[in-house]
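Q: Listed here are the chains, written in short residue letters.
There are 2 protein chains.
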Amino acid sequence: MRHVTIYDTTLRDGAQAEELNLTAQDKLRIARKLDELGIHYIEAGWPGSNPTDASFFDTVKSHTFANARLVAFGSTHLNRTTPENDPNLAALLAAETPVITIFGKTWDMHATKALGVSLERNLELIRNSVAYLASRVDEVIFDAEHFFDGFKHNPEYALLAIRTASEAGAARLILCDTNGGTLTSELSETVKAVMTALPDAEIGIHAHNDSELAVANSLEAVRLGATQVQGTINGYGERCGNANLCSIIPNLELKMGIQAIGPENLRRLLITSHFVSETANLRPFMRQPFVGASAFAHKGGIHVSAILKDSRTYEHIDPTTVGNSQRVLLSDQAGRSNILFKTRELGYDLDKTDTTVDALLKELKLKESMGFEYSVAEASFELMLLEALGRKPDYFTFRHFFVVDAKREEDAEPFTEATVIINVKGQAEHTAATGMGPVNALDRALRKGLERFYPNLSEIRLLDFKVRVLSGAVRDTGGTASFVRVLIETGDRHERWTTMGVSHNIIEASWQAVVDSINYKLLRDDKRRAKEAKE
Amino acid sequence: MRHVTIYDTTLRDGAQAEELNLTAQDKLRIARKLDELGIHYIEAGWPGSNPTDASFFDTVKSHTFANARLVAFGSTHLNRTTPENDPNLAALLAAETPVITIFGKTWDMHATKALGVSLERNLELIRNSVAYLASRVDEVIFDAEHFFDGFKHNPEYALLAIRTASEAGAARLILCDTNGGTLTSELSETVKAVMTALPDAEIGIHAHNDSELAVANSLEAVRLGATQVQGTINGYGERCGNANLCSIIPNLELKMGIQAIGPENLRRLLITSHFVSETANLRPFMRQPFVGASAFAHKGGIHVSAILKDSRTYEHIDPTTVGNSQRVLLSDQAGRSNILFKTRELGYDLDKTDTTVDALLKELKLKESMGFEYSVAEASFELMLLEALGRKPDYFTFRHFFVVDAKREEDAEPFTEATVIINVKGQAEHTAATGMGPVNALDRALRKGLERFYPNLSEIRLLDFKVRVLSGAVRDTGGTASFVRVLIETGDRHERWTTMGVSHNIIEASWQAVVDSINYKLLRDDKRRAKEAKE
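Going down the list, the protein sequences come from chains A and B.
The opening residue of the first sequence carries number 1 in full-length UniProt numbering; numbering runs sequentially from there.
The opening residue of the second sequence carries number 1 in full-length UniProt numbering; numbering runs sequentially from there.
Each hint should be verified, as a subset may be incorrect.
Where chains are identical, the list cannot tell them apart; a pair therefore holds if satisfied intra-copy or between any two copies.
In silico DSS-like cross-links for lysine-lysine, where the CA-CA straight-line distance does not exceed 27 angstroms [claimed, not checked]: (1) LYS255 / LYS113; (2) LYS448 / LYS425; (3) LYS255 / LYS192; (4) LYS527 / LYS352; (5) LYS342 / LYS448; (6) LYS342 / LYS352; (7) LYS113 / LYS352; (8) LYS113 / LYS342; (9) LYS448 / LYS392; (10) LYS392 / LYS352; (11) LYS309 / LYS113; (12) LYS255 / LYS152; (13) LYS531 / LYS425; (14) LYS309 / LYS152; (15) LYS309 / LYS33; (16) LYS61 / LYS192; (17) LYS255 / LYS448.
Treat the hints as calculated values from the structure; they're not laboratory data.
So that you can see chain A by itself, here it is in the shape it has in the complex:
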């Protein structure tokens, strides 16, 4: 069976997307998820270019990945210097990654116009930079920027540029359709010419989607012998985005008989896609192939009756192979097996015929129709599961909260104060706190009431807080009166967990997520203690 390697650049080229902004923490979380998906290379940033990337590479040094090789990205050395004295190459080496990718000019016009060097000097920059790095790291990958445009204008020079990189020690040559303007038929001819000219080189493809052809172009290059595909999760990237790995990987695995991440990992595709969009706080694209909410949703009457006879009639693949599921709009059938799958994953052994499964399915459908999205908040799902099983411990009971924000013209920021009443172990606790905002004030007042009983709560840190207006509702009532979903990520010294709340009211949605987060912490501590007592 043929293999290709998948090279993800969500954290570097993907982050060039107009609406995408990732913190160093976001990047680390996404890198972990990509590793779990079985991605072979993770291009994590351009260490010389900005403080976020520099801070990320510092943090990531202490982390080991199970599958993925981490890649630092940069350019060939500057014209005015030498590799030894080039600040960019130094920053690349300082990132201490096993792999370095550098891009170089292969379009003659770019060398002379954008870079302002002679064609011969440009080849020197490539040769020097690759050779310098190749003796210092495991693997150097050469990104041939604008290769297809370059080949169109001056095929000899474009080939000479990549040949130079190859001879200087680049392990792979990546043909980039940087502007995304190349038609599949043109790309096909160009790739054939490269294969003929450099029969022994390892060739990869890096496509952009400006002509809506990035997936087709990537698959065509692989069909002709490319052994690496570069792209991003959900096709995020500058302008119209990069080649979408969420479409390329299943096409390779399920249709072309080529192994990329393998069938087991492939089932994690949907969850990875959601994880990245949620972390970037971007609305998932419903019509996205393979992993979109609508990808296997059937609306028309004829289609629905046909798929009930045989799902192949209107589905090109089995949706479960990518972690998705069939949805029949109006009368939804999906669920039972999903519930069993998830509860087993969490360590609760339910029987197929258990009535809890039905109760849970009903609750799940109700909650999801309101906008809850449990795939990104498994801590909240586990709490809901325990509730349905009648096994959720009663750590505290809500009685009342009250929160005020007031601002006068002379204030820079509002004054915020919250009061909370809860019952804990038979006692009513009434606490008050100020805060940097209403959610912070509520969170502090609640913890003030609880920490006397549960001192471990002082360990937890709220790591992230995200709010999303849910689509659909927006149209009915206008933005500020819509349903909002709040996601909170919390951590202690053992782990991190995500909880969720949904409401018309952002305070209420945040409160739900904070309450879930605290309950989850107390639950995990109990479990840990029980386990330790056993051992």
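Once you've looked at the hints, dock chain B against the given chain A.
A: Frame of chain A, contents of chain B only:
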């Protein structure tokens, strides 16, 4: 020059999209716009299948189109009847369109399983239906449903089915990739086989996007000789959508040298795309090729400096050919030239040496270091610019706000109330309002105080509301006490705009964004009135 005809099915197959619902009036407005774009065929609905379509065909009879031929869509006649007695065929003829498209089964499994007829009887249904309609309307088009899957399983039968339609009088045979699962390389081989088997037939292509290959597949069929492309505006359609005409048309016109709608009409592509998404009340897809807001947006410093030298360096086509334009995003790398570019774009003619440019650059960098991101909130940028120029009108002045959220154990959601004091035109306005949440309550109270003075404010709708915790701050103080950035998207009947606020306190950040949004609306109305007075 080669020509192909464009067949739009936004109103029929497009309306199968999960989120798309069109009234008969919506359909008529879209049909007019498609006609203006120079579309050759408009498939307007399935008259026998639902009341919206029946009502639409009644209304449209009185309308004449400049370019487009209207098409009614339906299926071959029912097994239990004859063409003369078939209610579907009768409804098609009653629509009185010059063109009728019927689909028939060409995948053997579909004939026997989904339809439940013998293979021979299926050919009879096709033959009878096409022949009956062909003698009664100008043109009958045959949609070969599941043609590519059918050809894979039983090529002889698939070819026999379309040959039958052709011999019965179908003017065109449309090869449909109904499930959207066909790889471009497979499709290529199949189209070649059809061209060889039926060298005199007019062949068309109807692709779906389930493998993210619909555009590539449509272009490949045309390259091999297909003379018609079926698709939808923005790629709307069931599951992952239909082939996207907004990408296919410019690829044909600008890259393949094939005339579809002509270069003059092509400039209307962006406006048509927006018109359809607005009419369908769907959020435009930013990363959409050719017509998306991000399609020619440049963020990275290297890219920006290169396109200022020569836009071909990072743009595959001239954006104005499809009605789009180049955008330079404001970001923390922004320098003097970005500021000048942006202010000129907004219609403010600043000189390079103007001290306002320095003041603005300083303010921009300060605000961006706090977490403001003007590239996504240009309305807030314009207000900041006016402030720097000393030309921001004083519509109202803030004095005070006070907002309360209270929840007791018996409540499902908190009770929320806001009071606001502002000065408007010399008067103090003190108003109060409840809301679905604190921001909604504040927004309502503020507008209550303003609408008496500025009645146009009743036109605006808040379309989206996004909250993001900003990097850096998260680590220092924990999630709920971090800096948050709120983005609000607002619209009226003329346009949409985005404003922004940043604060530790989500209420304060939201308040800033709401205040900017209202100021921007009042500013735009003033500008519009001034322009009208001049004309």
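Q: When the hints from earlier in the document are held up against this structure, which numbers fail?
A: 5, 15, 16, 17
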